[in-house]
Amino acid sequence: MPCLETIDLCHRYAPDEAILHGIALAVPEGSVYGFLGPNGAGKTTTLRLVLGLIRKQRGAISIFGRSLDTHRVEILKRVGSLIESPSLYEHLTAQENLALLQRIHRAPRTRIGAVLELVGLAGTCGKRVGQFSLGMKQRLGIAAAMLHRPALLILDEPTNGLDPNGIIEMRDLIVALNREEGTTILVSSHLLAEIERFVTHVGIVHRGRLLFQGTLDALRRERKPAAPVALHTADDRHALRVLADAGVDAHAGENGIVMPAMPPPRIAAINRRLVEQGVDVHAIGSAGGDLESIFMNLIGSRAA
Amino acid sequence: MRSVFVDTFCCEWLKKRRSLGAWLIVVGALFTPTIIVVVRLIRHAQLPALYANPEFWTSLWRSSWESMAIFFVPMAVILATSLVVQIEVRNNAWKQVHALPLEPITIFFAKLAVIVLMLAQFFVLFDLGIYLSALLPSLLVSGVPYPQAPLPLRSFLADTAIYFVDCLPIVAAQYSMSLRFNNFLAPIGIGFLAWIGALAALSWQHARLVPYAYTMLDYLKDNPAARSVASTSGMHVYAMSWFVLFTLAGYLLFAAKAHKG
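Protein chains in written order, with my numbering: chain A, 1 to 304; chain B, 305 to 565.
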């Protein structure tokens, strides 16, 4: 049974502005589920619906096997969330912000220090949150989301505002929470490269439609068998002339030259020919095999 | 077992710590008494006669309430109520509040209870300020004794309680509007216009029906020089009725909101 499940979730902000079309999420218990999609794809709207922040128009949402419509309070006791920018009271300190939530969730008071330590904000005692950097606020938002040891953690673009080191720390934190405490984590992002290192499952949404859902391995299997070949040289114009002479239908792409799919011996022969003609080849290989390309292909082909 | 409402109320009370709304309560309550102290220190030569007057306390009470009942109390209530709700809007925190395991009714009434308690705090501080405005000149100016007249504490507390009830319709109306509009200026603008309307309605015979007019009517009802001709009988029943009506309407609008934060 999925930890979180949505069935035929549809939403529109205006009669002619459909945002979601039949989203059917299934987040397995114990997973780290990456909810991916470009900006404006419908990720935040979906997560807001899941938390009851937007009134549901059509479809069903169940969390921990119970309907959100009828067990909202019971469900939210076991859910932590960070939607878009963190909700923090800037005139209060980090401890005071967490004390508000600790009281509502009836978590032990010692958790405040523990989560602040965990996100690296233990030394901010008397400092008001208004004086925090964007990264510090983001960390505090995450500390607030995990204060009560939720069984399900919903994080919407949690690395926003974090520096590269902060992103790595965030990734480690999510992995640790998932492995050590068994927390199911639903994390949204518009960058596959950012989350592919720690997610176990992926859902790809584009223009309000769920294009793919499954494990990361299943996504990798989506790799197109006949991927084009990418070529990077020191002199692309010269290389294109050589390729045209060889009868190869190549063209200049955004990142170098793109050639049609071909078997490896043919790639090796082209490489030899380019070198013989005085073209320095920097890189040559199959394009579109990495996850980012699969993601872009999915968005490009299925949503068309 | 701790009640969810009490916990939510404590959280709401903590949220207003160091906020503009909390400061407004303190500054607004002590403003008029401070002015009275300053004026009396400047005109200290008249103080011995004033402090020997058997009507000293009644006279001080009325002069302290004059500006408060007409202007400062309605304005402080309009501003403080809106500022307390703005804490959530300004910090983009409604979405977190609504993602907590709390029923909308708990959220709504816990915040309203905080505002009502702040109003009570305002009146307690104001009463204390009035007492200090009598005490301080006698301590600071030589030859001025402590007022000879007995302090009519019971009567003052009863008056304060009545003014408190008078403010409740304004609290409920401003609270409901502040929850409805994210823009801080909208509820304050409407509140200010309602106050001007109430001021204009003072000479109307049915002024007791105007929810923003009660503090003014209560102050003016015993003043023979006042231009108010309104009947004030049953006025506090009207005040409570407006309070209940505005609170219910506010809750229904709050609970029915399609987008929560």
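No lab work stands behind these hints, which were simulated from the structure alone.
We treat Cβ as the ideally placed atom computed from N, Cα and C, and that holds for glycine.
Wrong hints could be hidden among the right ones.
Stated by the list, open to error - Stretch by stretch, here's where chain A covers chain B in the computed footprint (C-beta under 8 Å, at least three residues): (1) 350-364; (2) 403-412.
Stated by the list, open to error - With beta-carbon atoms standing in for the labels, derived distance ranges: (3) PHE309/B <-> ASP69/A: 22 to 30 Å; (4) LEU444/B <-> ALA114/A: 52 to 60 Å; (5) ALA453/B <-> GLN131/A: 35 to 43 Å; (6) HIS563/B <-> MET262/A: 29 to 37 Å; (7) GLU17/A <-> SER371/B: 20 to 28 Å; (8) HIS21/A <-> ALA504/B: 51 to 59 Å; (9) GLN452/B <-> GLY130/A: 31 to 39 Å; (10) LEU497/B <-> PRO164/A: 32 to 40 Å; (11) VAL330/B <-> ARG128/A: 15 to 23 Å; (12) LEU432/B <-> THR110/A: 34 to 42 Å.
Stated by the list, open to error - If you only want the chain A side, here are some residues facing chain B, beta carbon under 10 Å, derived: (13) ARG48; (14) LEU51; (15) LEU53; (16) ILE54; (17) ARG55; (18) SER81; (19) LEU88; (20) GLU90; (21) GLU196; (22) VAL258; (23) MET259.
Satisfaction of the ARG55/A interface hint, Cβ to chain B closer than 10 Å: holds, 4 Å
- [ ] Three residues minimum, CB to CB under 8 Å: does the segment 403-412 of chain B make the cut for coverage by chain A? Let me know.
- [x] holds (count 5)
Would the hint on LEU53/A be counted as holding, given a Cβ-Cβ threshold of 10 Å to chain B?
holds, 5 Å
A range of 32 to 40 Å was offered for this pair. Does it hold for the Cβ distance of LEU497/B and PRO164/A? Distance hint for LEU497/B, PRO164/A is violated at roughly 53 Å.
For the hint on SER81/A, does the least C-beta distance to chain B fall short of 10 Å? holds, 5 Å
If I claimed the Cβ atoms of HIS21/A and ALA504/B lie 51 to 59 Å apart, would that claim hold in this structure? holds, 55 Å
Minimum beta-carbon distance criterion (10 Å), MET259/A to chain B: violated, 49 Å
- prompt: Is the hint on LEU88/A kept, meaning its closest Cβ partner in chain B is under 10 Å away?
  reply: holds, 6 Å
Does the interface hint hold: is VAL258/A within less than 10 Å of chain B, judged Cβ to Cβ? VAL258/A check fails; min Cβ-Cβ to chain B is 44 Å, beyond 10 Å.
For the segment 350-364 of chain B, do three or more residues have a beta carbon lying closer than 8 Å to a beta carbon of chain A?
violated (count 0)
Subject >> Satisfaction of the hinted span 31 to 39 Å by the C-beta atoms belonging to GLN452/B and GLY130/A >> reply: violated, 52 Å
Worksheet item: Between HIS563/B and MET262/A, does the beta-carbon spacing fit 29 to 37 Å?
Response: Violated - the Cβ-Cβ distance for HIS563/B and MET262/A, about 53 Å, lies outside 29 to 37 Å.
This entry does not satisfy hints 1, 5, 6, 7, 9, 10, 21, 22, 23, going by the numbered hints stated previously.
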